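Following the hints, complete the assembly by docking chain B onto the known chain A.
Chains as they are written, first to last, in the numbering used here: chain A, 48 to 518; chain B, 48 to 518.
If you're looking for bench data, these hints aren't it; they were derived computationally from the structure. For clarity, every value in this text was computed on a predicted model and none was experimentally measured.
Not everything, but these chain A residues come out facing chain B in the computed CB check (under 10 Å):
#	residue
1	Ala233
2	Ser279
3	Ile347
4	Leu442
5	Trp450
Built from N, CA and C at the ideal position, the CB exists for glycine as well.
There are 2 protein chains.
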Amino acid sequence: MTQQPIMPDEEEPYFDSVDGVQSSTTLADPELLEDMRELVAAHATAALLNILADLRSADIADILNQLPEDDARYLFELLPPEEASEVLLDLQDSMRESVIEELTPHRISAIVEELDSDDAVDIMSELDEDVAEQVLDTLEPDDSAELRELLAYGEDTAGGLMATEFPEVHVSGTAQDAIEAVRKTAEDTPDVYEVYAIDEDGKLRGIIDLKNLLLVRADTPVSDIMDSDIISVRTDVDQEDVANVMRKYDLLTLPVVDEENRPVGIITFDDIADVIHEEAQEDISRMSGIMDDTDTSSSIWNIFRGRLPWLLVGFAGEILAAFVLSNFEDAIGKVLAAAFFIPIIMAMGGNAGIQASSIVVRGLATGELALSKTFRRLLRETGAALLLGSALGLLIFLVVFLWYGDARFGLTVALALLVVITNATIVGATVPLMLDRMNVDPALATGPFITTSNDALGLLIYLGFLTLIYL
Amino acid sequence: MTQQPIMPDEEEPYFDSVDGVQSSTTLADPELLEDMRELVAAHATAALLNILADLRSADIADILNQLPEDDARYLFELLPPEEASEVLLDLQDSMRESVIEELTPHRISAIVEELDSDDAVDIMSELDEDVAEQVLDTLEPDDSAELRELLAYGEDTAGGLMATEFPEVHVSGTAQDAIEAVRKTAEDTPDVYEVYAIDEDGKLRGIIDLKNLLLVRADTPVSDIMDSDIISVRTDVDQEDVANVMRKYDLLTLPVVDEENRPVGIITFDDIADVIHEEAQEDISRMSGIMDDTDTSSSIWNIFRGRLPWLLVGFAGEILAAFVLSNFEDAIGKVLAAAFFIPIIMAMGGNAGIQASSIVVRGLATGELALSKTFRRLLRETGAALLLGSALGLLIFLVVFLWYGDARFGLTVALALLVVITNATIVGATVPLMLDRMNVDPALATGPFITTSNDALGLLIYLGFLTLIYL
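Pulled out of the complex, with its shape left as it was, chain A reads as follows:
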């Protein structure tokens, strides 16, 4: 076993495997993981507790993610509830499911009690219904009532993201009143960033920065230090819109209000970082033809299930392509060389379609591509496609002419390539826009769907031109 510096030197910060990232606690690295593996195998509980005490929850989660499931569960059982709760949040989805499965409702209650309301809801929503009921029953009535309320919001909405712990003060109060509100909230959560000022109807009237509270006299009126220029979201706003709003306006926190504009929760930056990450991940997966939330730790069976559906869509499409080809059997029989350029026609159409669609899908997801700009966008895409098709058409003409010395055959392939690229680009840019208008996630159908339909269309165009012009 290699020597592992568990306690960092006071003067020399501990360096993680990413050079330049420093921490006053031990960070997870491959060597530490190796040590832990051996200790877990030896069930060296005392030594493990000693190491765990000096790790951050995110690093413990990292280590658990890399261990076999049984070992991970054993290690998880060693954690005290306050640590276990944070670790559970940081686990990869598949590992979290496997850990939760083995926990008793009693242990889950102990963990949930340690969490802020938004995180508690995340854990609760992953439980089987009857287990969730058992957990809710063992919690304090206040806590369980609050959780039940939060669970009613959609998981992907502002209500599902928000924490319900925040300080509020009456708009006619003073800085001292606001500080007292902070003190009360601080008993429940370490994360206090601002104070909401409300009027007699409970409506949100202003937001007070903690910094401003520090710098004014205790008797300063709330209305003098609050910012009444507020952006807020209702509980039912989709998390992707929440992320876009926070990113657009550079917001650290965002108040969530009910129908009456009364604050009911707060969304913080860290929830949003995960949303941005997840939404991008989801777009990439869907564009790559992967369903489900498969991640790097998924089992073979989950990988299979996540990928088969789109491969089947592609399969069906390419059977259609085979059918198209079989209808041109005579043409191919006469000009066998025509078959050699099937791959380039398919690939160029496929690539051009994906290039166009990925820009449109991301533009729609981030709100950068406003509906008012879509027509201009389509015109530009078409223009670029004509340019690209002409350039590549010229190139394929030269290749075919040099190869076969047949200018008419070269011209036929070149013309087909130009039309295929232009068509594929227009299809690639239009399909996501149409899906978006129909309220279907554009990323979902974009990847394999566009590629496959472009394959069949492209072959039809190619062999159509061959029959009409060349033969």
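Okay, now just chain B, sitting in the frame of chain A:
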């Protein structure tokens, strides 16, 4: 012109086009944009100033992004420097370039002076060298010296992201000293989130939460309220690693330190939200075969330049595929039907390769896929590929058998499909891993590169099997 409610009703919050997002100021929406277009066309300066005064900078940027360049520049000129600086940051890249081009060094100086150091550097780094020099010369000596220092850091490093405005206090001081430090910093920037406690050598010893400062007596020692459990990054850490660290540990802010562990800057959540977004965007673009930073507002020429390189790579690969096919001319001539299944062999290999590579690329980008797990990952990918290949192989056997009544032909195509899918998956998972070890961005070569090489390899496998088994 439709009636546009410029001032929101006190009681009724103004609703944006995203239902449920509320703001006390006017938000950009298609109707407002239409009005602005007409006013800009009429050069109705007074009316425009009136509207602009009630918009947030991010919304003004939204509107500029949608206007023709000349109109956008005209509107930008109307903005006072403090507003112009924020708007400039929020513009899309291509529009920002076009606006900056037309600004005088004097106006740029006025804008840069309004910005926090990190944002000022972002603008400076987009200027031509001689313009940047002119701007630096017109700034206060202190400001220009600081900017020169920041400009020396790489744009994509912690040093390039950080702001240099932060409060610091000696570790032997009191809460009152910390509050004074906050007061001093607040003169320069509205964004103050925490106070750094340093020792006599200037080394970072602890971090004080503003909330804690609010809740203790003024004479409380700094050492009693500071958190000495610190994560920090050195100035040279890559922004993607910075984003991963902040996301992993749910950090609102992250201190940046020099080689001696002395704090030199602070990175905040909002910089990181953009990094996460940009990195995901970059991965998607590269995986889709788009170079350069083309976005939804790029010109035809930029689209062309961004896409041509990868299409050329694909072109070269598919010419290779044509060459492979031409070498099997006899086989295809004998079994013309073999040509009909070229598309399905290519498409299934391509899709399977992209599915495998996209998971690996994203896992590497986010740090979820640790090197210690790569071998296990490859095994699982291979297992899943064998399952998928078998399922689809069975299916194609049935299709071919029912179509041609030729079991041996069906078996040949099925076997080829199984091997092609397995091979494509292994290539798709391995290439990004290899590129990562060679310190090349895996996303860069993943999309078209893997698809293209899988096409040529797949055809070789398919026609090889056809020749060996069937003919």
